[in-house]
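Listed below, chain by chain, are the residues.
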Amino acid sequence: MLNNVFKTIVKTMSLVVLLAMLVTSVSASPEIQHWKTSKGAKVYFVPSNDIPMVDLRIVFDAGSARDEKIPGTALMTNGLLAEGAAGKGAQVLAEKFEAVGAQFGNGALKDMAWLSLRSLRDDQYLQPALKNLQNILIKPDFPKIAFQRELERLKFSVKAKKQSPDAIASDRFFAEMYGDHPYASPGTGTEESLQKLNLQHLKSFYKKYYVASNAVVSIVGQLTKAEAENLVNDLLAGLPAGNPAAELPEVMALQQAKTIYIDFPSAQSTVMMGQVGIARGDEDYFTLYLANHAFGGSGFGSRLMHEVREKRGLAYSTYSYFSPMRQAGPFQIGLQTRNDQVDEAMKIIRAELDKYVAEGPGEDELQDSLKNITGGFPLRIDSNKKITEYLSVIGFYDLPLDYLNTFVANINKQTRVKVNDALKRRIEPKKMLTVIVGTNKS
Amino acid sequence: MKFVKKISMLAAFAGASVLLMSCQIQNSKPDIPATVSDSGVHTFMLDNGMKILVQPDHRSPVAVSQVWYKVGGSYEYAGITGVSHALEHMMFKGTKNLKPGEFSEIIAANGGSENAFTGKDYTAYFQRISSDRLELCLKHEADRMRNLQLDEAEFKKEIEVIKEERRTRTDDNPTSLTYERFNAAAFINSSYQQPIIGWMNDLDNMQLKDLSQWYATWYAPNNATLVVAGDVDPQQVYTWAKKYFGVLKPSVIEAPKPREEVEQMGERRISLKAPAKVPYLLMGYKVPVLNNADDASEIYALEVLAGVLDGGNSSRLSQQLIRKSEIATSVSAGYDPYARQQTLFLFDGAPRDGHTVKELEQAIKKQIVNIQNNLPSKDELDRVKAQVMASSVYEKDSVFYQAMQLGTLETVGLGWQKKDEYLKKIQQVTARQVQAVAKKYLQDDRLTVAVLEPQANDENKRSEYKSAGGRHAQ
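The listed protein sequences correspond, in order, to chains A and B. Every letter in the first sequence is one number past the one before it in this note's numbering, and letter 390, counting from 1, is 680. Every letter in the second sequence is one number past the one before it in this note's numbering, and letter 174, counting from 1, is 382.
It should be emphasised that the hints constitute simulated quantities derived from the structure, not laboratory data. None of the values given here were measured: they were computed from a predicted structure. Idealized CB from N, CA, C, for every residue including glycine. A few of these clues could be false.
What the hints assert, rightly or not - Simulated crosslink set (DSBU-like; lysine-lysine; CA at most 35 angstroms straight-line):
#: 1; chain 1: A; residue 1: 637; chain 2: B; residue 2: 485
#: 2; chain 1: A; residue 1: 498; chain 2: B; residue 2: 532
#: 3; chain 1: B; residue 1: 626; chain 2: A; residue 2: 676
#: 4; chain 1: A; residue 1: 637; chain 2: B; residue 2: 365
#: 5; chain 1: B; residue 1: 532; chain 2: A; residue 2: 378
#: 6; chain 1: B; residue 1: 604; chain 2: A; residue 2: 675
#: 7; chain 1: B; residue 1: 364; chain 2: A; residue 2: 601
Stated by the list, open to error - Sample of chain A residues with no beta-carbon within 12 angstroms of chain B, all distances over it, derived:
#: 8; residue: 424
#: 9; residue: 533
#: 10; residue: 691
#: 11; residue: 718
Bound-form chain A, shown alone (with noise of 0.2 angstroms):
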């Protein structure tokens, strides 16, 4: 869960390097109009005039890491926004959105909390979903028996989570490496932490988290510029200006090298082997995604997967990535193999990492990385969806407007020489965690 979550934020990153190099299409990088409404809210526009159909995105900084003292606010709060507005209970909610064939979506990350509304383009269909919308962002109502109710379901989620070896793995991985950093817990929240929260956590985030000057809205679709202006003063009509959301504090680095078996009734065991890795922003953050794409994170072209998979048929996936966040995310590696075999697994890993931090790639790597990140830019941003997303990522962590342009630029500027650098500076082999989920013998 929470690994996706985080997988989905490094798509996003990667998408954002690729522009620059691209000598065959010219277009392929959208032109974003950006504005603040009167209240502080910063938007971001590209009119996509192809399909009959808007996508509309509003991001608040109220994920998981405002949770404070009780780990499941964020997303509660988030998840109950739909359930009882403006006196309309969830199935008429959701019943005004469907009869216009909206499709509605929320949700929280650990830094973002979101919103979404895709529409067809005819205002009578997209007038009344953002009515709809609108109701839900300024006047939910927080209905005690929905509070119960989603309270029970999540309670159940936490539950379940208990048994996925992947989801063990994922909570204790963030535990250990954040500490009492408010990174370090579950956005689904625990099962002591949820017996503690009732309404008036729920009530107080979203008044202090839900207003303008914290969030961001990314529109795409077929609109002109004064449309989409007035769409959104609409819609956040109503949404006090209030505060952008406190610094997060900064995150320390583990002191020292940790392993964390827990045992699990599985056939395979699952690794989860990392660091503190980047910011949104870090000087270094393209030098370090180039570096990771050619160690893990390319698939079948990486390291990992050539000795792991299919030099030595020891795993189906193997994987590594940054996920930079608002403060420092994690540099992260894992993989499931069976259970006899992960001591032989991880020391493959723990060599491969050891060796491309003293050496960094080869030439011929770094290029074929290179041409493959420049090269399938236009990929990344090949739909409405897609560039909404992106959208929602410039403005939340303030990356240059002209992000998606240079991107691909950005890439192109490093070297051999500083990646090799980067990775001596910012990977530290001999401090990782190491968390197994599996039965191990030993």
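For this one, chain A is given, so just place chain B on it according to the hints.
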């Protein structure tokens, strides 16, 4: 807030029914597009029987190429389950012209991404790539269609990778494991009883010659469809397809034996005891599909029925079972009308703490009885139809999805044109038809039920679970 993962209801498309195979649409003269449909699909046929579908979409300078074969899990017989999927893995391991992994390297160096998937009724290989590099994909796909080199050493490693895949996806995932056993119980003689990835024992005993026979039997141009979507010129695609695929010799393809499912004649029920924390319920009623329906309107009525029950957060199961009675923490219904053979109308879910799986099953059945006795309302049907209509617009945002639809329909033998009919057929469905199919098909005698009974993590019992989970000898 759907916290519980839905089981995948996809999976069940496949090869060509004998009947539909024989009436292939247009045998056009070479070099001339057979048709251009209103929805913009260009179709071509090569002399060797290979079909080409091209859906231009010029929004971005990218293209997707997919080669679909009429073969998959449901073509297999006892003892070689998983062979279609194993062969799919080996298709990346080199040809007479390329080293193992070299195709992937070429695609990566050109900025592309690639993979493959195996379903019950199809195996497909795809690339997503900048549209000016499309020719490369066609060239190398044609190569591996006929020139695969199946190497013993590569196979020995890859079959271990596949077993690891099975452990991750199925053996260590209690709901997937339940779904696998549920299918095995639901189907008596239909090949839909077999898991696509194969039984572990079959994987343990699989040999390279099983794969080479499978390759020789099914991998031929007259058993394949090329689908290209994106920023391309259809005539150019056809020219390349002719150059690379057109020179391949066709095979004599014998359709798989029908293995038509016998009449069920009474409810079937299994339980599965596995280390898990939460219970899980699966229910499936035998229903026809478009490929074998006496009356196609019934199929679209079943689709609308699935929509009324679970077509969104306002639909009946969420409304009644999650929000009103609060018996379910999750519940869903679904149906795949494009399966090659008779399939299941599925329900799955988990009861809330304080409720039992039995209560959940009863609550689902109560909803079924309700729709059998009372016509769905006009508002409900309108909502389902509005969502289908809107989705037909939204799906244009994904080139890959559009190609998927064309490839699936063509490969299961329905013909890609069914894609264009779907919206109209759904709009025509009446409340009375929805009620009629609920009455006719959602009957206890057609039902199979599987229940996951979570077992505590008991050290003493662990070895039992292991063998149940299919861990093979080390």
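| Given as non-interface: residue 533 (chain A), which should sit over 12 angstroms from chain B by C-beta | holds, 28 angstroms
| field | Restraint status (C-alpha distance of residue 637 (chain A) to residue 365 (chain B) at most 35 angstroms) | value | At roughly 19 angstroms apart (the allowed maximum being 35 angstroms), residue 365 (chain B) and residue 637 (chain A) satisfy the hint.
| request: Quickly compare the C-alpha distance for residue 498 (chain A) and residue 532 (chain B) to 35 angstroms and report which way the hint goes. | output: Given that 35 angstroms is the threshold and the Cα spacing comes to 31 angstroms, the pair holds.
| said: Minimum C-beta separation from residue 691 (chain A) to chain B exceeding 12 angstroms: can you confirm that? | reply: holds, 20 angstroms
| message | For a C-alpha distance cap of 35 angstroms, please report whether residue 364 (chain B) and residue 601 (chain A) respect it. | response | Given that 35 angstroms is the threshold and the Cα spacing comes to 11 angstroms, the pair holds.
| Minimum Cβ-Cβ distance from residue 424 (chain A) to chain B exceeds 12 angstroms | The claim holds: residue 424 (chain A) sits with its nearest Cβ about 18 angstroms from chain B, beyond 12 angstroms.
| Is the Cα-Cα distance between residue 626 (chain B) and residue 676 (chain A) 35 angstroms or less? | holds, 28 angstroms
| query | Can the restraint linking residue 637 (chain A) and residue 485 (chain B) be considered satisfied, given a maximum Cα separation of 35 angstroms? | reply | Cα-Cα ~32 angstroms, so holds.
| Quick one, are residue 532 (chain B) and residue 378 (chain A) close enough, alpha carbons at most 35 angstroms? | holds, 15 angstroms
| task | Verify that the Cβ of residue 718 (chain A) lies farther than 12 angstroms from every Cβ atom of chain B, and report whether the claim holds or is violated. | result | holds, 29 angstroms
| said: For a C-alpha distance cap of 35 angstroms, please report whether residue 604 (chain B) and residue 675 (chain A) respect it. | reply: Holds - the C-alpha atoms of residue 675 (chain A) and residue 604 (chain B) are around 11 angstroms apart, at most 35 angstroms.
Of the numbered hints given earlier, the model fails none.
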